[in-house]
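Novice: Sequence:
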Amino acid sequence: MDYYSAHLYLSEDFAAYDINGHTISKGDFLRAVTTGNYLPLQLYEKNNKLSYKLYKLGKNANDDVKDMLKQIGLTAYGCYQMEGKQFPKFRYVDLNGNIYTSENTKGKIVVLKGWFIGCKPCVAEMPMLNKLTEEYKNREDIVFVSIAWDSKKALEAFEKRVGFKYAIVPVTMSYIQKDLNATGYPVHWVINKKGIVVKMTYDANEMIPVLHKVAA
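Counting the sequence shown from 1 gives a position; our numbering is that position plus 169.
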């Protein structure tokens with residue numbers, strides 16, 4: 170777990186190598202990690218470029234370790250599959266009746282968050298995200314939308330109590346997890362003005378610099 174938190178940055182761009190040290194695509198690398206049979210071993214290269222090599226686990230590897238690696242791989246690969254592609258067509262109606270669609274957000278940056286009320290990390294990051302919306306309050310070309318799978322009534326009560334400044338849209342759990350390829354919460358997407366996903370991440374601290382770059 171310490172290695173995961175200190176050395177695995179699989180949502181970043183990195184040079185990928187197979188078990189023999191041959192260059193492979195990021196997609197092929199992450200697919201291998203999803204099997205749970207490989208550890209992404211961070212390399213230290215002279216140019217300081219982030220690099221990983223697949224290290225095949227032995228037959229006696231702990232099943233819990235393999236399961237953890239599999240989940241890490243699935244999470245990273247899910248993000249990889251979304252990034253650089255058109256975000257699926259959508260029609261969201263928030264708690265105030267405002268409508269956000271693939272069409273009426275064309276030419277705008279959409280900052281999207283998936284969450285639910287009982288998710289403590291989802292709620293804990295909201296003050297930071299409220300500051301982010303304040304930073305861009307004068308940018309009509311940036312919209313902040315959140316999708317949550319709680320009931321409309323529960324979300325209305327939550328909004329009054331907490332004051333989350335993203336637009337809040339009730340959706341189903343299956344929509345977030347199956348249609349949008351999410352495996353955990355909170356989850357964030359930055360969608361550019363052409364409707365392309367430039368970032369999908371489970372860490373707001375990774376999302377925010379990407380938004381700054383796209384909005385510049």
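Derived by calculation from the structure, the hints in this document are not laboratory data.
All values derive from a computational prediction rather than experimental measurement.
Positions of the beta carbon are idealized from the N, C-alpha and C atoms, including for glycine.
Errors might be hidden in some of the hints.
[Said to hold, decoys possible] The calculated label-pair distances, taken between Cβ atoms and stated as ranges, are:
1) G332 x N217: 23 to 31 Å
2) K322 x L212: 47 to 55 Å
3) E325 x S194: 41 to 49 Å
Novice: Work down the list of hints and note, for each, if the structure agrees.
Specialist: Here is what the structure says about each hint:
Between G332 and N217 the beta carbon distance is about 42 Å. The supplied range of 23 to 31 Å is therefore violated. The supplied range of 47 to 55 Å is met by K322 and L212, whose beta-carbon atoms lie about 52 Å from each other. For E325 paired with S194, a C-beta distance near 45 Å keeps the hint of 41 to 49 Å intact.
The structure fails hint 1 only (numbered hints given earlier).
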